[in-house]
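One line per chain: the protein sequences are A and B, in this order.
Here the first sequence stands for residues 1 to 457, where the numbers follow this note's numbering.
Here the second sequence stands for residues 458 to 914, where the numbers follow this note's numbering.
Fair warning: there could be bad hints in the mix.
[As the list claims (entries may be wrong)] One side only, chain B facing chain A, incomplete, derived with CB under 7 angstroms:
1. 484
2. 553
3. 555
[Said to hold, decoys possible] Pulled from the structure, derived: some chain A residues nowhere near chain B, Cβ distances all over 12 angstroms:
4. 100
5. 122
6. 172
7. 175
8. 190
9. 211
10. 286
11. 297
12. 303
13. 312
14. 394
15. 429
Hint data in this document are derived by calculation from the structure and do not stem from the laboratory.
Built from N, CA and C at the ideal position, the CB exists for glycine as well.
There are 2 protein chains.
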Amino acid sequence: MAHEAAIAALSAAFGDQCVTTDAVRDHHARGEAHHTPVRPDAVVFVTSTEEVAKAMQICSAHGCPIVPFGVGTSMEGHVVPLRGGVSLDLSKMDKILSVHPEDLDVVVQPGVTRRRLNEELRDTGLFFPVDPGADASIGGMTATRASGTNAVRYGTMRECVLALEVVLADGRVIRTGTRARKSSAGYDLTKLMIGSEGTLGIITEITLRLFGQPEAVSSGVCTFDSIEGAVDAVIMTIQSGLPVARIEFLDELQVRAVAAYSKLDLAEKPTLFLEFHGTDAGVAEQSERFGEIAAEFGGGAFEWATKTEDRNRLWRARHDAYYACRALRPGSQGYITDACVPISRLAEAILETKKDIADSGMIAPIVGHVGDGNFHLAIMIDPEDAGELKAAEALAHRIAERALEMGGTVTGEHGVGLGKMKYMEAEHGDGYSVMADIKRALDPQNLLNPGKVVQIN
Amino acid sequence: MAHEAAIAALSAAFGDQCVTTDAVRDHHARGEAHHTPVRPDAVVFVTSTEEVAKAMQICSAHGCPIVPFGVGTSMEGHVVPLRGGVSLDLSKMDKILSVHPEDLDVVVQPGVTRRRLNEELRDTGLFFPVDPGADASIGGMTATRASGTNAVRYGTMRECVLALEVVLADGRVIRTGTRARKSSAGYDLTKLMIGSEGTLGIITEITLRLFGQPEAVSSGVCTFDSIEGAVDAVIMTIQSGLPVARIEFLDELQVRAVAAYSKLDLAEKPTLFLEFHGTDAGVAEQSERFGEIAAEFGGGAFEWATKTEDRNRLWRARHDAYYACRALRPGSQGYITDACVPISRLAEAILETKKDIADSGMIAPIVGHVGDGNFHLAIMIDPEDAGELKAAEALAHRIAERALEMGGTVTGEHGVGLGKMKYMEAEHGDGYSVMADIKRALDPQNLLNPGKVVQIN
Chain A
1 MAHEAAIAAL SAAFGDQCVT TDAVRDHHAR GEAHHTPVRP DAVVFVTSTE
51 EVAKAMQICS AHGCPIVPFG VGTSMEGHVV PLRGGVSLDL SKMDKILSVH
101 PEDLDVVVQP GVTRRRLNEE LRDTGLFFPV DPGADASIGG MTATRASGTN
151 AVRYGTMREC VLALEVVLAD GRVIRTGTRA RKSSAGYDLT KLMIGSEGTL
201 GIITEITLRL FGQPEAVSSG VCTFDSIEGA VDAVIMTIQS GLPVARIEFL
251 DELQVRAVAA YSKLDLAEKP TLFLEFHGTD AGVAEQSERF GEIAAEFGGG
301 AFEWATKTED RNRLWRARHD AYYACRALRP GSQGYITDAC VPISRLAEAI
351 LETKKDIADS GMIAPIVGHV GDGNFHLAIM IDPEDAGELK AAEALAHRIA
401 ERALEMGGTV TGEHGVGLGK MKYMEAEHGD GYSVMADIKR ALDPQNLLNP
451 GKVVQIN
Chain B
458 MAHEAAIAAL SAAFGDQCVT TDAVRDHHAR GEAHHTPVRP DAVVFVTSTE
508 EVAKAMQICS AHGCPIVPFG VGTSMEGHVV PLRGGVSLDL SKMDKILSVH
558 PEDLDVVVQP GVTRRRLNEE LRDTGLFFPV DPGADASIGG MTATRASGTN
608 AVRYGTMREC VLALEVVLAD GRVIRTGTRA RKSSAGYDLT KLMIGSEGTL
658 GIITEITLRL FGQPEAVSSG VCTFDSIEGA VDAVIMTIQS GLPVARIEFL
708 DELQVRAVAA YSKLDLAEKP TLFLEFHGTD AGVAEQSERF GEIAAEFGGG
758 AFEWATKTED RNRLWRARHD AYYACRALRP GSQGYITDAC VPISRLAEAI
808 LETKKDIADS GMIAPIVGHV GDGNFHLAIM IDPEDAGELK AAEALAHRIA
858 ERALEMGGTV TGEHGVGLGK MKYMEAEHGD GYSVMADIKR ALDPQNLLNP
908 GKVVQIN
C-alpha cells in the first residue's frame, strides 16, 4: 500500500471513520463520467471542520494526497484520486447550519445536496436556484463552479456563493467573505475558491444567496422548424432583456429520447423548454413577448404546462435527458461535452457541431442551457470499445477547439477535472502559469487533489 | 531623486510621455480623499498595452514601485505612491475597442470613464449600469470593485466585468476570462484581479456586461417619520424580491444639504430616493407594491419624477450629495466611511451610528445604497485641524468595528487603499495571510502599488 504511514496515522486518529475496504475505495475511485477510475488508499469520512483540518494536517505531515469527495456526481473526473492517497468523504457534513430569511441567505455544510436544501427551505418562501440536474452536493457544486438550467436568470455558483469556510493545505481554517451583499475589502478569496476543484483548499462551509419563491411560474414547450430558428429565438430573447428563468434547447434526437423515456407527447423537432418566474401579470407579459419572438423565428404554438404536476413532469424529463440518451442505446455510456460560446455565435456553433456529429456517425443528442451560450452533447458510446472512445474524443475535441476559436470556453459548468486539462493552456495562455503560481503558493507540496486544474509537478 | 536609474530609463524609453514636473507630480500625489499626499518621482503617460508592459519591465528591472492612476477619484488613497517611484497614468488609454450589442458586452481601455461609455452606448439601446457617482474610469472602478446606486439591481463591478487583459509584475500580458457568459475553466483570475487595487497587475483592457436600456423608468422620493421606518421599508422591499433599480437613503441632515445645494423642495425627514426599471406595466406594478410597503412603515406619499429632466435633476442631486455636504460647512472636507452590513442589521447599524454622531458633535450626514446594506457618512472636517481629523477617525473607527461585529465589511465599495488597511486582519483573520501569499506569488519584488491591500515587506 502506498502512503502507508499516512493511512496508519489517519486510522489511529479516525478509527472506524477511516475505511480501506475494497467496496468503499471502489465507490470513491470515480465520478459519473467515463474517466478511468483510480482507487484511493483509504477513505476518511469526516463530520466536522475540525476533523477536516486534522485529516489535512496528517496528510500534510506525511506528504499524502487528499481528494475531497461529495456525492460523486462529477462529470469530469474531479474526484478520481490520480495519485492515490486519501479520498475525503464530506457527505456526512450535511447540516443546514443557519437560515437567515431576512437576509436571503443560508449557511450549509458541504455535504448538503441541493434537493434537500430546497426541501428544507420550502416553508420559508425562499429557494436556492442553482440546478445542475443531478442532486449534487453544495460543496461539489461550489468546487466546480456549477450552474444549470436557471443560471440564465439567477446566476451560477459564482454569483450565488457569498462566503466560505476553507481548510488550507497546512490545516489552517479560513473564512472568506462576509454575509454583507458586497465588499471591496481586498482579494476575492471566495471567488478564487469557487471552481478551484479541491486544489487550493477544502470547503467546509458555504453561505449561499437565496431568492424568494416566485409568486407565479409558467413553463412551456415550443417547437421550431429548424435549429437556427430555435437558437435565434433564444438569442433575441436574451438580447431583448426578457428575464426568462429557464430556456433549454433540445435537438430533435434529444426530443425523441426524452419523449420515449419520459412518455411525453412531443414532436421530433428542435425544441425549447421554457420557464418564466414573476408576478401573475409579469409572467403573462413575459410569456406573451416570448410568443411574439418565437413566431418571428418559425416557432409553433407555445404549449403550456400551468399545473404544478405538469411542470414538474416537464422538468423531470429535462433532468432525465441523460438517462433518456442511454435508453436510446442500451448498455451505452455518455461522453459529455460542455462548450460555452458568446451567444452571438451559438447558432453557428450548434449547426457546425451537428455536421460533425453526422460525419462521425455517432449517436449524440444535444441539449443546452442556451440562454448562457452553453450546450452539451451526450456522445453515446460502448465503454468497452476503445475505437468508439477514441471517436468520441475526436468529436469532443472539435467542439472544444471551436468554442475557443469563437471566444468561448471549453467548460461552461462541468469544470476542468481530468477531461479538460489539455485545453487549459490554449484557453488561458500565460494566465495558466498564473494559476500555477497560485497553486504553488497555497499548496506547495501539491497534496490537494494533485493533477487537477493545473500541474505543478 | 529616488529611483533615479529607473526614471532615467523610463525617460529614455518614453520621451515626453515621462513627466517629472512638480505640477504633474502633485496631481498624481493623491485621490479625492483626506489621505496625506505623496509625490511620485515621475508620471508616465501610457497609450497602449505594449507601453504599460514596457514601463512595467523597466520598473521591474530597477526595483522601482509603480502605481496605476486613472482619473484620481479614489476615496481611499489607492493612487498615493507611498514609496515614490512611478505613477502610471492610464487616462489616455480611453478607447472603446469594440461593442457587441448581440452579446450585450463591450471591450474598453481602462481610461474610459463611465459617463463617456454610456454616452457612446446611447444609440445602441444598451447601457452600463455601475454608477459610483463620480465620473470614475472603468479601470479604476474595476481595480477597486466599485459599485453605487444601482448595484442592488445590476450588481457591482464583481458581477459586471466578464474578462480582463492584465500586465503582470514581470511585464507579461495575460487575458483572463472569455466573452462567454460563464465558465468553469480553472481559477477565476478575473475576479481575483477585480478589487486588487493595482497590487497584482495593471489592468489594460476590460470586457463589461451591458444591459438593455429599460423601456420604462420611474423615479421618486418618499419621506418617512423615522429612520427605522425608512430602513425597514428598504429591508421589506429587498426581502419581497421587488427588483428595485435604485433605493437610496438620506438622513434628515443629508436631505437638508441636498435640498439647499440642488434647490429641491424636500421635507427635512429621513428620505428614500427610488427608481424602477422595466416595462410600462412592470414599473407600474413595482411602484404600486413599493407604495404599499412604504405605507406600512410610515412612509408619506410617493412623489414621482416621471419626466426625464426631473429624474435627471433628482439623481444629479443625489450624486452631488458630497458637494452639498461641503456647502453645509464651507471650507470643510469630507472624511467618508463605507460600512456594509447584512440587511437585517441595517436599521440597528444606522441608528447606533446616529447616536455616535450625536456624541461626537460632528457634522456627518448619512447617505446609503441601503438595498445592499451599504451606507456612508461624510464627516465634514476642517482639514487643517488635527483634532477634528482625530475625532473623525475615532467616529469612523466605531462604524468600522460595528460593521465587523455585525458580520459585515469595513468597505462596501470604496476599497482598502490606505484607509482600511488597519482593519484587514480583523475582517479576514488567517485569510489575510492567504492574500499575502498571493501577493508574494504574483509580485515577489512588491513593486505593484506597494503598501496597499496587504503588506509583504
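Status of the hints after comparison with the structure:
no.	hint	result
1	484	violated (24 angstroms)
2	553	violated (18 angstroms)
3	555	violated (11 angstroms)
4	100	violated (7 angstroms)
5	122	holds (16 angstroms)
6	172	violated (5 angstroms)
7	175	violated (6 angstroms)
8	190	violated (8 angstroms)
9	211	violated (7 angstroms)
10	286	violated (9 angstroms)
11	297	holds (15 angstroms)
12	303	holds (24 angstroms)
13	312	holds (22 angstroms)
14	394	holds (21 angstroms)
15	429	violated (6 angstroms)
Checked against the numbered hints given earlier, the structure breaks hints 1, 2, 3, 4, 6, 7, 8, 9, 10, 15 and satisfies all the rest.
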